[in-house]
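Same order as they appear, the protein sequences are chains S and B.
Sequential numbering of the first sequence, starting at 1, is according to the numbering used here.
Sequential numbering of the second sequence, starting at 1, is according to the numbering used here.
There's no promise every hint is true.
List time: in silico SDA-like cross-link candidates among lysine to any residue, alpha-carbon distance up to 20 Å [to be verified]: (1) 98(B) x 25(S); (2) 98(B) x 27(S); (3) 98(B) x 30(S); (4) 23(S) x 217(B); (5) 98(B) x 29(S); (6) 98(B) x 67(S); (7) 98(B) x 12(S); (8) 98(B) x 217(B); (9) 322(B) x 197(B); (10) 12(B) x 322(B); (11) 98(B) x 26(S); (12) 237(B) x 68(S); (13) 98(B) x 18(S); (14) 98(B) x 68(S); (15) 12(S) x 23(S); (16) 59(B) x 67(S); (17) 250(B) x 357(B); (18) 98(B) x 24(S); (19) 98(B) x 31(S).
Non-contacting residues of chain B with respect to chain S, defined by C-beta distances greater than 10 Å in every case (computed) [what the hints assert, rightly or not]: (20) 53; (21) 87; (22) 100; (23) 104; (24) 120; (25) 129; (26) 140; (27) 174; (28) 194.
If you're looking for bench data, these hints aren't it; they were derived computationally from the structure.
For each residue, glycine too, the CB sits at the ideal point set by N, CA and C.
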Amino acid sequence: MTDDAAKAAAAKARDGLQAELLKAHAAGDGALLVQLYTRAAALAVAAGEPDRAGFYRTHAWIFALECGHPDAPALRAALAAEGRVD
Amino acid sequence: MCAQSSLSDVLKPIADARGLPNDHYTSDALYHEEREPLWFDTWAGLCVAAEIPEPGDAKPFDFLGVPVFALHGRDGVIRVFQNICRHRGMILVTEPRKIEGAIRCPYHSWCYSHQGRLVATPHVGGQGQNSHPDIRREELGLIEVRSHVWRGVVFINLSGKAAEFTELHRELIARWSEFEVPVYHGGADSMFQLECRTNWKLAVENYCESYHLPWVHPGLNSYSRLEDHYNIENPGKFSGQGTAVYRQIKDDDGSVFPDFPGLSDKWDTAGEYLTIMPNVMLGVQRDHVFAIILEPRGPRTTLEHIHLFYAAPDTSENLRRKNAEQWRLVFVEDIGVVEGMQAARGATGFDGGRFSPVMDGPTHLFHQWVAQRLTDTRQAAR
Ligand code: FES
Ligand SMILES: [Fe+2]
Chain S
1 MTDDAAKAAA AKARDGLQAE LLKAHAAGDG ALLVQLYTRA AALAVAAGEP
51 DRAGFYRTHA WIFALECGHP DAPALRAALA AEGRVD
Chain B
1 MCAQSSLSDV LKPIADARGL PNDHYTSDAL YHEEREPLWF DTWAGLCVAA
51 EIPEPGDAKP FDFLGVPVFA LHGRDGVIRV FQNICRHRGM ILVTEPRKIE
101 GAIRCPYHSW CYSHQGRLVA TPHVGGQGQN SHPDIRREEL GLIEVRSHVW
151 RGVVFINLSG KAAEFTELHR ELIARWSEFE VPVYHGGADS MFQLECRTNW
201 KLAVENYCES YHLPWVHPGL NSYSRLEDHY NIENPGKFSG QGTAVYRQIK
251 DDDGSVFPDF PGLSDKWDTA GEYLTIMPNV MLGVQRDHVF AIILEPRGPR
301 TTLEHIHLFY AAPDTSENLR RKNAEQWRLV FVEDIGVVEG MQAARGATGF
351 DGGRFSPVMD GPTHLFHQWV AQRLTDTRQA AR
């Protein structure tokens with residue numbers, strides 16, 4: 001894939017995710033929000049944007065806390081490893 | 001502020017005493033003045049545990065203008081918190097709901113555990129930075145309100161200044177020790193509300209005495225005569241009445257509710273009806289007990305929350321409905337008089353009225369409790 005094609009694919013993935021996130025927020029679906037924000041964080045990591053990743057992972061963690069999701073401790077640990085929470 | 005207040009007349013012995021002056025039933029200022037001495041500094045009823053039956057159940061309440069919520073924690077403990085976020089003071093729980101995990105503030109998503117600990121402060125140190133040295137989470141937990149569950153009722157002491165519930169109400173707990181067994185709320189068919197256009201104190205006063213029974217509840221008194229009733233008076237704590245002729249309600253097929261286990265013979269036909277000051281009115285009989293929690297909504301409106309409890313978790317629904325309806329009719333009969341007394345509190349010539357030295361002891365005791373606590377607070381403020 002060319003650089004431009006890769007960028008276009010990433011932008012498309014991001015737009016799709018954005019739409020799914022809005023739907024999950026509207027539905028108040030906590031488990032889905034955890035999943036989607038986790039995916040958003042992974043995309044940001046792949047794109048070499050660690051701060052965006054930290055932002056999304058924070059959201060995944062908060063929604064995991066709220067719904068008692070089993071991923072909450074791991075998300076917190078990941079944030080702590082990056083110095084994003086102590 | 002309250003020129004016509006003459007609390008010293010209320011504090012006289014019953015033979016000479018007068019009741020609380022009119023403005024104690026109508027004035028916003030006095031309603032506000034009552035909050036600390038009568039409500040916050042003692043143990044008041046907030047709700048019943050059956051309103052938050054499952055772990056994770058949360059329910060908000062307006063406690064005399066103080067927003068609080070009760071939470072049935074995942075650890076099984078019922079706790080009450082002031083309903084406010086420690087960040088910018090957003091309300092946390094606005095309707096009864098299930099809180100599976102953390103209590104997340106809807107504003108900036110600070111999260112609290114079921115024990116009230118602050119567990120997350122997202123972006124507090126900037127985007128994606130979830131800690132900041134100046135925001136010490138261990139100092140910013142929810143403000144817990146002291147609570148105690150007794151006989152299915154959740155009591156709170158907002159100021160934290162009262163003696164332990166079990167100490168303050170030692171005599172009452174001893175008096176009803178035979179009823180210290182599990183009680184089972186009858187569920188949705190065994191709770192109802194009545195809204196009364198009256199000051200909360202008139203509901204207490206009416207509940208305390210049996211003088212009105214033959215006049216206001218002729219149906220009830222066709223079998224429960226005045227002479228079968230006795231006064232129960234414990235200054236400063238509780239007062240009310242007892243009956244020696246309680247009769248069990250029967251289903252169409254003649255069946256009755258199961259009795260509480262191990263009751264002595266006295267309770268075959270006895271029933272007792274007490275107000276725990278300020279706002280919980282309890283009734284005990286051999287086969288069911290009830291609690292009425294008064295929720296004041298300003299000086300002129302009171303919501304009565306009525307809850308019926310049984311000796312077993314699986315009583316007959318038909319009989320429960322019948323029983324709830326019977327009590328509802330009795331309490332509705334009382335609404336006429338408590339609203340009538342409230343309406344009359346506009347009469348400028350009224351001097352607080354008098355008490356029958358024989359019949360009105362429990363009512364006078366309640367007036368004295370109110371007057372004494374207000375007097376003490378006013379003196380302390382000087
Ligand atoms: S007010 Fe609650 S998080 Fe800001
Ligand atoms: Fe009555």
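Each hint tested on the structure:
Our distance criterion of 20 Å between C-alpha atoms is met by residue 98(B) and residue 25(S), whose separation comes to about 18 Å. Taken as a hint, the residue 98(B) and residue 27(S) pair is honoured in the structure, with Cα atoms around 16 Å apart against an allowance of 20 Å. Taking the CA atoms of residue 98(B) and residue 30(S), the gap is about 13 Å. The hint holds against a cut of 20 Å. Between the alpha carbons of residue 23(S) and residue 217(B) the distance comes to roughly 58 Å, so the proposed pair goes past 20 Å and is violated.
Restraint check for residue 98(B) and residue 29(S): satisfied, since their Cα atoms lie roughly 14 Å apart, inside the 20 Å limit. For the proposed pair residue 98(B) and residue 67(S), the alpha carbon gap of about 10 Å is at most 20 Å, so the pair holds. Restraint check for residue 98(B) and residue 12(S): not satisfied, since their Cα atoms lie roughly 37 Å apart, outside the 20 Å limit. This hinted pair does not check out: residue 98(B) and residue 217(B) have alpha carbons roughly 41 Å apart, beyond 20 Å.
Taking the CA atoms of residue 322(B) and residue 197(B), the gap is near 26 Å; set against the 20 Å cutoff, the hint is violated. Among the hinted pairs, residue 12(B) with residue 322(B) is inconsistent with the structure: their alpha-carbon atoms are about 44 Å apart, more than 20 Å. At roughly 18 Å between alpha-carbon atoms, residue 98(B) and residue 26(S) fall within 20 Å of each other, so this suggested pair holds. Between the alpha carbons of residue 237(B) and residue 68(S) the distance comes to roughly 43 Å, so the proposed pair goes past 20 Å and is violated.
For the given pair, residue 98(B) sits about 28 Å from residue 18(S) by alpha-carbon distance, which is inconsistent with the 20 Å threshold. Note on residue 98(B) and residue 68(S): the hinted pairing holds, with a Cα-Cα distance of about 12 Å set against a maximum of 20 Å. Between the alpha carbons of residue 12(S) and residue 23(S) the distance comes to roughly 17 Å, so the proposed pair stays at or under 20 Å and holds. For the suggested pair residue 59(B) and residue 67(S), the alpha carbons sit about 17 Å apart, so the restraint of at most 20 Å is met.
Distance hint between residue 250(B) and residue 357(B) is unfulfilled; the C-alpha atoms sit about 37 Å from each other, more than 20 Å. Among the hinted pairs, residue 98(B) with residue 24(S) is consistent with the structure: their alpha-carbon atoms are about 18 Å apart, no more than 20 Å. Under the criterion of a C-alpha separation no larger than 20 Å, the hint pairing residue 98(B) with residue 31(S) is consistent with the structure, at around 15 Å. With a closest Cβ-Cβ approach of about 18 Å to chain S, residue 53(B) is found to remain outside the 10 Å limit, as its non-interface label requires.
Interface exclusion of residue 87(B) from chain S stands, the closest Cβ pair being 14 Å apart, more than 10 Å. Remark: the non-interface label on residue 100(B) conflicts with the geometry, its nearest Cβ contact in chain S lying 4 Å away (cut-off 10 Å). Consistency note on residue 104(B): stated as away from chain S, yet its beta-carbon is not over 10 Å from all of that chain's, at 4 Å minimum. Here residue 120(B) does not stay apart from chain S, with its beta-carbon only about 6 Å from theirs, under the 10 Å limit.
Non-interface status of residue 129(B) relative to chain S is broken: a Cβ of that chain comes within 10 Å, the nearest being about 6 Å off. Under the 10 Å C-beta cut-off, the non-interface status given to residue 140(B) relative to chain S holds; the minimum distance is some 15 Å. Look at residue 174(B): its CB is around 42 Å from the nearest CB on chain S, clear of 10 Å, so calling it non-interface holds up. Residue 194(B), annotated as away from the interface, keeps every beta carbon of chain S farther than 10 Å; the closest lies near 34 Å.
Checked against the numbered hints given earlier, this structure breaks hints 4, 7, 8, 9, 10, 12, 13, 17, 22, 23, 24 and 25; the rest are met.
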